[in-house]
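Colleague: Taken in order, these protein sequences are the chains called A and B. This note's numbering numbers the first residue of the first sequence as 1 and each following residue consecutively. This note's numbering numbers the first residue of the second sequence as 1001 and each following residue consecutively.
Rather than coming from a laboratory, the hints here were simulated on the basis of the structure. It should be emphasised that the depicted structure is a prediction, and the values quoted were computed from it without experimental measurement. Among the clues, some could well be false.
[Claimed, not checked] Reference excerpt, derived from the structure (chain B facing chain A, CB under 10 Å, subset only):
hint	residue
1	R1057
2	V1068
3	F1069
4	G1073
5	I1107
6	A1139
7	V1143
8	Q1146
9	I1150
10	R1162
[Unchecked claim] Simulated restraints, written as ranges between beta carbons of each label pair:
hint	chain 1	residue 1	chain 2	residue 2	range
11	A	E300	B	Q1028	21 to 29 Å
12	A	D265	B	N1093	24 to 32 Å
13	A	E772	B	N1103	51 to 59 Å
14	B	I1049	A	S680	48 to 56 Å
15	B	N1093	A	E612	26 to 34 Å
16	B	I1049	A	Y292	34 to 42 Å
All C-beta atoms, glycine included, are put in the ideal place defined by N, C-alpha and C.
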Amino acid sequence: MDEFQEILQDFLVESFELIEQLDQDLVELENNPEDLELLNRIFRVAHTVKGASSFLNFDVLTHLTHHMEDVLNKARHGDLLITPDIMDVILESIDLMKSLLHIIRDTSSDGGIDVADCVARLDVCSSGGSLSAVSTQDVSMAADEIMEVETVEEPIVEPDYENLSEAEVEAEIERLLKQRQIEDKAKRDAKGSQKTEAASSSESVQNEQPKPVANAPVVAAAKPKPALSKKDEDDDDGDDVRAAAPAKKAQAVEQTIRVDVKRLDHLMNLIGELVLAKNRLIKINDDVEERYEGEEFLEELNQVVSIVSLVTTDLQIAVMKTRMLPIGKVFNKFPRMIRDLSRELNKKIELEIYGEETELDKSIVEEVGDPLVHIIRNSCDHGIEIPEVRMKKGKSETGTIKLKAYNEGNQIVIQIDDDGKGLDPELLKTKSLEKGIITEKEAENMSDKEAFGLIFKPGFSTAAAVTNVSGRGVGMDVVRTNIEKLNGMIDIESQVDVGTSMKLKIPLTLAIIQALLVGVQEEYYAIPLASVLETVRISKDEVYTVEGRSVMRLREEVLALVHIGDIFEVERIMDSSEYAYVVVLGLGTSKLGLIVDTLVGQEEIVIKSLGEFLKGIEGIAGATIRGDGGVTLIVDVVALMDIAKRVKKSAIADSSSDAALAKREKTKASDYAVMIVDDSKTDRVIMRKALEPLGITLVEAGDGQEALNILKQGEHSFDAMLVDIEMPRMDGYTLATEIKKYNRYKNLPLIAVTSRTSKSDRMRGVESGMVEYITKPYSADYLASVVQRNVNFKSEFLR
Amino acid sequence: MSDKLKQIISKQNQKVDEKVSRADEIVQLVGFVIGEEEYAVPILSIQEIIKPFPWTRVPQVPKYVVGVFNMRGSVIPLIDLRLKFGLNTKKHNEETRFIVMRNGDDIAGFVIDRLTMALRIKRSDIGPAPDTASGDETAIDGVGKQADRIITILKVNKLLERDF
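Just chain B, with the same shape it has in the complex (with noise of 0.2 Å):
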């Protein structure tokens, strides 16, 4: 009977994998301003995002890494991207947000200066990232061409890497 069982669960399972790998044509992808970029960062990627609130600083640790803040019990890291992007440092305004995002386990704030819009950009729009930011290293994935702009698309594993 488990035999069976597998069968049914393997077929259910490629199921799903042809509908992702047809989704897929399409990327999702919310956009947000920082200093004079635009850029964007696939949906899913996002648990949420929230209007600014206090924080705590923590000592010993980079710039860019603000503190940590309370979100429903959790204790998240808060990072501001302007300071990590080596832009200086802007008072919050009213535009101002906090893009939570995860990657399996890992969960952080990052502090940007305006949301833009959500996006939905076909793959074949989207270029490699330039020769001299490619590899391991960067934070880039890719560009995407949108009618008159373009978007930088980050790698969320490498912003919630740690690099200090």
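Chain A extracted, bound-state conformation (with noise of 0.2 Å):
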């Protein structure tokens, strides 16, 4: 990067930290426009975005400013009243200020933007003239007249230089003085933090030094926000108060540092992947515990490996601390948002924000912006009423929104508040129903939270007409589908004139997450705890079946049913037990029940992608290393509810169908499958020599673990089996227990052999369900004929 792309940045990243602040500012401008406190700030912001334009040659943008910088200049001395009019004009402009920024960021040059209409205006203000007065082609005059001298001496970056006014010319010696400032600054210092004490400092310095500077010291002193917390203060106060409290000599300065979110980052996946290893460990942990039960030096490695995880825990909370930002860089926008809205639908509206220094990471904060924008805008157009109607229910005329964050556990909850008409459940139906986005049946059974859940579904719209805020039934279709991708969670509560209360539930951090461990069959699944509401266990009988789809009864509610395998096509091979375990999901307003096999338990995972070849796989959001180094699939719990509605039929798993599908036809001999499983080699061959004259095909397993390996690849489906009992590995009647945990071989037959003959093998042998027992040593016809029994061999197949 040249020297002047750098310098670029910085005045792109400075400008921009200041606009945030600066709508903020105007808006509560507009209540106390005498606030002279407010009016500096609003006005150095412009001169400091000048200033550093006209260096870098901004052409556009310095015009701009500079007259921008002579209103706000007239109003702070008191020659300009800053009306509702005037201050329409000084967003407007400050608008502009800001795509011409984002231009810039862009394209690294600020033309594409006309600036001399809004100029025009400014220069009206700043003339003092009534900007109603003044018909719309003067502006346009005036406009024209700016442009050609724009044209004239565009590479001039202060057109209007010559005929300096008064207020330009102190504009210019404030401009000094301010410089001579930010020089000091470098040398002088007060702690960001003690606002008082540099207020009181700041009044003897009052005393010694010229009028002007004046301003600034007082600015530090008072905040329009004292709940905001100190360490938010951002640099602009900072310079002041240091200017203004020259005692304390430079130690604050470097109080932070700006740091590329790309190292952050880079540490974040560092702490992932150690938070593995962690995990690891623990399990690695238990397993020595387990087989040196009472050593002593487990107690010491307890010892390493708790601190080890504890370090790692903290490690990760600062880590996850560095990429915090508080909320209030999202909220901060509103107060002007509010304020354009209520102008705009002869709405008096005020917002109260509560919680700002709340503090969220990055990326999430990046997200909620826009959901934050459309809940805002609907609560203006259809929550808040008109005054007139306002007054006739007997609230007062200014409806109020209150904006607020706040801590639960382990997510952020931002709660949006208004004392509007509230949300009517019957309505909401109705008009559902008209555009086709619920049938008549569903409405019947819908309870009143499932109704107001209905204002996200795409298309929903209760405004009569589409206007220039909302009624297109976009809006709150983005904040479901945003809140959802960041496994958020919204609550709706309302009540018909009273008010609508919107929750927005978030989870901390998206990088390391905790997540529910679920198994099916033999595979295992996380979902993220942050989308599970409970988990319940229920029996067989439970399910019901509705037009095709499985329910179930949770206490008050109807909870639709999916089984997780039908989803992620898991092969059914084991029977499922008398019981499932059914793990509630929440997601935005909507829930679903996912029947599992077994529950594992709760883990924190971190989140790795799939990569390139395998992303977009549909209900999978990632995957994560568990303690022994395998892999498990991340559940997207969002795509998870789009397939459930596809699967029809979700029941528990129905054995009968499995079973008959073993049983094939058989058309010659060789169609008849044996597995002879045996430890002893020379077993086996005499087996296998007195079957093989049968023509069946026979398989050999060395001990009962191949053997199970083998029925589960699937390759033969097998009639009967040769069991020992004796095997290493895997011995014979716990291959038999194995074998009958699986539906599609519940019934078949197994056949021990073996040279154990005492009764309570025997019986051992029956409990574990095998069907015959033959004691060694035994004939090859015998054995034969049993075989030939238990596979229901045709007699026309025998040669």
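With the hints as a guide, bring the two chains together.
Modeller: In structure tokens:
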């Protein structure tokens, strides 16, 4: 990056930061037009941007900010009262400034936006003329003039410099002083947090220094929102405080450093690795503990493991904190928005903000902005009534919207309350029916809460007409999509004529999450805990089928059910037990019951992407690495809910169909398959010799484990198995028990072939599901006949 | 000074390029067998060759994508080349290997029946892919001739391309 680019980057970062605070200040200013500190601060932003942009040769931006500065400067000196009309012009110019900055960021030049019109109006303001008195023609004429001036004297940064007005001279002085202040700032310092001290010391400074400077220290003394946490103080304020308290020497100058987000991301990735390693260590520790119970070194190992895991957790939290931003960054733009909307809609609306210091991961802060805009627009347009209506209802003329943010467990809750007309569930249902979003049957069964959820359906709108502000039925759908993307939930409460309260619950961070691990057959899946409402155990007869879909009754509600195996195409080889577990998933306003075979437990998992090759698999949000080194897939709850709608019948496994499949028509002797499981090669050969004359297919396995693996592969469909009892790795009894767990092999005849002859052995054989018991030694004919009998060997195949 | 530096750097780059082009005449490949055929890929595209170990099935993908596995903390897709090339699946045995190939940021493991050897083939001994299997669509880069056998050289970027 060359030098210019570097400076440009700094300029942009600084400007965007300044502007962020600006909107809020401006709206505040409208309420207290006399507030000198506010005016000063706003003035300084315009001024700083102007100074820097002229240095960087952004002529259009300089031109605009210069005129803004004029108006603000007049206001600052009491020559001009800020009326709402003037405010509109100032706000417009600030919007222009923002768009210019965006263009600069994207293209490194400031062309493409016509500022002349706005500049003309700014001039009218600063010359003291009333805007309403100026006809539009005048404005456009003025604009033309300015345009000419611009085209002729483009390279000149400040075209009106020749005829400096008194105010401008002052501005120039102010600028110079300000420059000096900035220079001094390096040497001087005061801790940003010691505001009161700064304020008191500023009084003494005031006496000694020339007048124009006196303004600056006072700014630091009071902020419009004392509730703002002290560490959030923007640089701008800090500078002034430092300048105002020369007694304090430079120390706090380098309190913060800018860090490239990429570095933080990298750090977060490394922490992720560490968390995985920690999980693994804990698992190994458990294993070791089991094996060497009572040994002395165990205690030491335990200590080390717990320290490592403690420090890892702390480290993870600390790194997560470096990525946290106060949500105030998002909230800041709303006062301005409310102001514009209330003027546009002719309503009186007040916005109250609480908890803007609440911190959220950077990536999440970026994502919640849009949803909040839509919710607040909605509240203004549909929620808050016009003043006359409010009066009639006996409410105060001014409607209130409250925006709150607070922590709740592992989540952040953003709450938006309005005291408007509230949501009418019946009206919502009728509208949805009209638009064909729901069926009549659905409408009948809908609870009030579910009806409120209808406002998030795409295409839904209660507004009679599409206005500038809302009514297209898109906004709330955006809210739902964005919040679901963050694994968040939406909760609505509303009462007709009292108001609506919306809660957005969003997880603190995205990279490392708490997950519920569930098992289905032999596979495991991780479900983000943020989306899990509860888990319940149900028996099979609690599942009902309604219109081809499984449902269950959960307290007062009817919950749609889907089996995780149906969604992820899991082969149902094992018999499902009497009971199943239902994980109740909640997302936004919808709920779904997910049937799983087992609940494994809660674990902290690190989300890893599946990479370019496998991205975008429906229903899978990513993968994580478990303590044992295996990969477990993470369920994408949003997609899962969509898939669930398409899955028709999803009852708990129907055992008869699988069993029937296994019995296929036999057309020749080799269609019969028998597995021989024995650890002794000789024994296997003897059995093979005895059965080969029948012409049936024979498969051999050396022990129980191998036999089980062969069964699982499902290459052959076996008609019987000859099982030795004494075997390494897995003995015959265990094998039989394992086999009986599989649905498909429930009726597979198992024939024990053993030298164990005692009664108890026979009993155990029967218990584990063996149908025949052949004791060694046996005659080949006897073995063949037993096998024939058990596989229902058709006599015509006998040679 | 920066001009001088640039000159030096560009000179160095040239040297490197020269070296590469000279070495280019011999292509180093790793050969492996799938079914009856012998295939090869450039040795530099291979990150590692490992013995099979457990993987996790992934739903809603073609059959030849058998799942994902953990390679030192990275989650990597596993593709069965037998299935991809239209052969039947075969039980893994002592000779089965996973070859992890990389092309830029794309990475995947491939199940192969067995390894043969590292090959050095002269560029002049590599013929183009047969007409019926040429063009952008095919995964065949060319056909290498060596003594008594013919080796199909595969395009790694094609193998790593998602085609579903």
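Colleague: Now, for every hint given, state plainly whether the structure supports it.
Modeller: Evaluation of the provided hints:
1. R1057: 7 Å, holds
2. V1068: 5 Å, holds
3. F1069: 6 Å, holds
4. G1073: At 6 Å from the nearest chain A Cβ, G1073(B) passes the 10 Å test, so the hint holds.
5. I1107: Constraint on I1107(B) satisfied, holds at 7 Å.
6. A1139: Since chain A brings no Cβ nearer than about 15 Å to A1139(B), farther than 10 Å, the hint is violated.
7. V1143: 27 Å, violated
8. Q1146: 31 Å, violated
9. I1150: 29 Å, violated
10. R1162: 5 Å, holds
11. E300(A) / Q1028(B): 21 to 29 Å: 51 Å, violated
12. D265(A) / N1093(B): 24 to 32 Å: 42 Å, violated
13. E772(A) / N1103(B): 51 to 59 Å: For E772(A) and N1103(B) the Cβ distance comes to about 58 Å; the hint holds.
14. I1049(B) / S680(A): 48 to 56 Å: 37 Å, violated
15. N1093(B) / E612(A): 26 to 34 Å: 31 Å, holds
16. I1049(B) / Y292(A): 34 to 42 Å: 36 Å, holds
Going down the numbered hints, you'll see the structure goes against 6, 7, 8, 9, 11, 12, 14, while the others check out.
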